[in-house]
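Put chain B on the given structure of chain A with help from the hints.
Protein sequence lines correspond, in order, to chains A and B.
If you number the first sequence the way this note's numbering does, the last residue is 196 and the count never jumps.
If you number the second sequence the way this note's numbering does, the last residue is 488 and the count never jumps.
Treat the hints with care, since some could be wrong.
[Unchecked claim] If you only want the chain A side, here are some residues facing chain B, beta carbon under 8 Å, derived:
(1) Met1
(2) Pro116
(3) Arg122
(4) Gly159
Keep in mind that the hints were calculated from the coordinates and are not lab data.
Note that the Cβ used here is the ideal one computed from N, Cα and C, for glycine as well.
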Amino acid sequence: MKTTLIDSPVANVANIARALRATGAELHVTRDTKEIAKAQKLVLPGVGSFIAAMRWLTENRIDTAIHEAVNRGASLLGICVGHQLLFDVSHEMGSTPGLGLIRGEVHKFDGSLPVPQIGWNRVTARGPLFDGVEDGVFYFVNSYAASNVPDEIARADYGGPFTAAVQRERVVGVQFHPEKSSAAGLRVLRNFVAWT
Amino acid sequence: MDVVPSLDLLGGKVVRLLHGDFARVTTYGDPEKVLDSLDVPAGSRLHIVDLEASRSGKPVEMEIVRRLATRGLRIQVGGGIRSLADARAWIEAGAEKIVIGTVAADAPEVLRAIVDDLGAERVIAAIDVRDGVVRVAGWERDATASLAEVLARVEELGIREALITDISKDGAMRGPSFALYRSLRTKLRIIASGGVSTVSDVVSLSRIGNIGACVIGRAFLDGKIRLSEARARVAAPNAIPERVIPCLDVREGRVVKGVNFADIRDAGDPVECAILYESAGADELVILDISATDANRSTSLDVVHRVSESLFIPLTVGGGVRTIEDFRALLRAGADRVAINTAAIRNPQLIADCAAEFGVQAVVLSCDAKRVGDHFEAMVRGGKESSGVDAVAWCQRAEELGTGEILLTSVDRDGTNSGFDIELLRAVTSIVKIGVIASGGAGNVEHFRDAIEAGGARAVLAASLFHDRRLSIGDVKQFLANEGIPVR
Chain A
1 MKTTLIDSPV ANVANIARAL RATGAELHVT RDTKEIAKAQ KLVLPGVGSF IAAMRWLTEN
61 RIDTAIHEAV NRGASLLGIC VGHQLLFDVS HEMGSTPGLG LIRGEVHKFD GSLPVPQIGW
121 NRVTARGPLF DGVEDGVFYF VNSYAASNVP DEIARADYGG PFTAAVQRER VVGVQFHPEK
181 SSAAGLRVLR NFVAWT
Chain B
1 MDVVPSLDLL GGKVVRLLHG DFARVTTYGD PEKVLDSLDV PAGSRLHIVD LEASRSGKPV
61 EMEIVRRLAT RGLRIQVGGG IRSLADARAW IEAGAEKIVI GTVAADAPEV LRAIVDDLGA
121 ERVIAAIDVR DGVVRVAGWE RDATASLAEV LARVEELGIR EALITDISKD GAMRGPSFAL
181 YRSLRTKLRI IASGGVSTVS DVVSLSRIGN IGACVIGRAF LDGKIRLSEA RARVAAPNAI
241 PERVIPCLDV REGRVVKGVN FADIRDAGDP VECAILYESA GADELVILDI SATDANRSTS
301 LDVVHRVSES LFIPLTVGGG VRTIEDFRAL LRAGADRVAI NTAAIRNPQL IADCAAEFGV
361 QAVVLSCDAK RVGDHFEAMV RGGKESSGVD AVAWCQRAEE LGTGEILLTS VDRDGTNSGF
421 DIELLRAVTS IVKIGVIASG GAGNVEHFRD AIEAGGARAV LAASLFHDRR LSIGDVKQFL
481 ANEGIPVR
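Isolated chain A (complex conformation):
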């Protein structure tokens, strides 16, 4: 099955494309709404600002296309800010609605540790996305995260617990960067690519 990578300008698409190809994915990189709406397996990357990433989705009607694909039963993987975009709302500089595919809100870390979190962190996970890496270590770069949400499938701790990954039916999201998480990250991507 083909994997469709959404070609967001607010993301490091090249790195994720390379990692997906390394897992054997037959990859299609696009920002065409028709192709996204018809996709069976979608990857939504994102780095930097939630607001900028969400604005790009809405202004280009990619948000509608993603909803259409998900409603048809497509699998969707959000990565980093792409994962945050799945939620109802983010509180990054005010409140910005997300795609609303996952219940919950994204908040800034309020612990005593330096923000952004930059580095490896231990993740306790379950579910098909984490098959073989239920107790893995992944690479994070983030100042914001969801925590204690109903669809949480993976949890990490950064001055307090936060949600490292979510799954609601065919929609999954990972807060870390699988493309920078060596073998464990590639395993998660391979699990997604192979997910039926």
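Just chain B now, with coordinates in the frame of chain A:
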């Protein structure tokens, strides 16, 4: 591990003595005010030392203990307790436990009487050590027993907790005696005390086997360690792995002093070296372009591009980055983070500009520090020339400007294999919140541990040590894991 704030009392006030000297007193004020200002929640364990009693042998500050106990604080009190009557009096005043030093070393029969009367769980044996010798009576004379003898005697009495203070470290903020605590062979639950000056010290102590609690004194009073932060970090000491990072020095597209591995076809090829190090467990890769002249810039970008194409761990690149355009070009070529050195010292605004443009996570300050007299100076031009800028102050400034992490290289130690410069690391890690990568001087596995444990580094870097196969990344990680330091 529990984190226990300590109040030394003298004349009804909270004070600190430097090296136990009653002539060198710093006064912090009324105990209640001090506790309120430092946010000590009810239910906390609190360590109280009656300093006058430690000198005279007669309890003085009983009324304060009585008042603090009514606040729901669990008080362990020490200072000159030499008789069963005194011990009982403190417990009746509301102390949960008493801390007994002198008697434990000199007169075990008194200690036995106290344990029999109050119960072993009420008694903490306090043992002051200087250079491996047990000291008693408020630091003013040597005891008659060795540390091992005292520990054995304490265990025989059924006591379960021992407060061990290296008094050469106490109040001096140079870090606790990790080696001392690691060397202890005892079933006692150890309370570490003395020299704990940063949250990183607290975390490092929590990773040592039988340490059940640590006492924080001056660093707590001075606000350098916040109790809530220390407790949060200790609650999850193993969540965040410390990183081991190989560094490739590249000149004109080739690794300088190539990697000495049998299973590599081209020891000078950065791509082959990078792949090898990722599979060996490297948590990140640093490439420093040491040619980095304008003429070689395109070669350098090509190296970064080719390496990033083959690498699935973070890649940090530095060397000759002068402008925001240089920075952007390296990110575009595939670097995750870019290290700035000389150009930032000459133009600190470059850090702020790059942070605003690319995010602080992309900015690494590379600081080459050299000891000059009693301080460290930031060097420029590959460590060859002094900038006249204080290295520690510069690191702090760079954090404010927007640096995600600091790559701190000791120019003095670089290439010596004599160990990282712990003093330099502590000077920087005790004042910045961002992570510090220790660089320069690695020679054996203990050096890596010390940089993290005592130096407070969040990552350790080496080049030729790994290239020459004197140590593998796996050796380092295995050793760190055995020492209780979390690794990936």
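Hint-by-hint comparison with the structure:
{"no.": "1", "hint": "Met1", "verdict": "violated, 23 Å"}
{"no.": "2", "hint": "Pro116", "verdict": "holds, 5 Å"}
{"no.": "3", "hint": "Arg122", "verdict": "holds, 5 Å"}
{"no.": "4", "hint": "Gly159", "verdict": "holds, 6 Å"}
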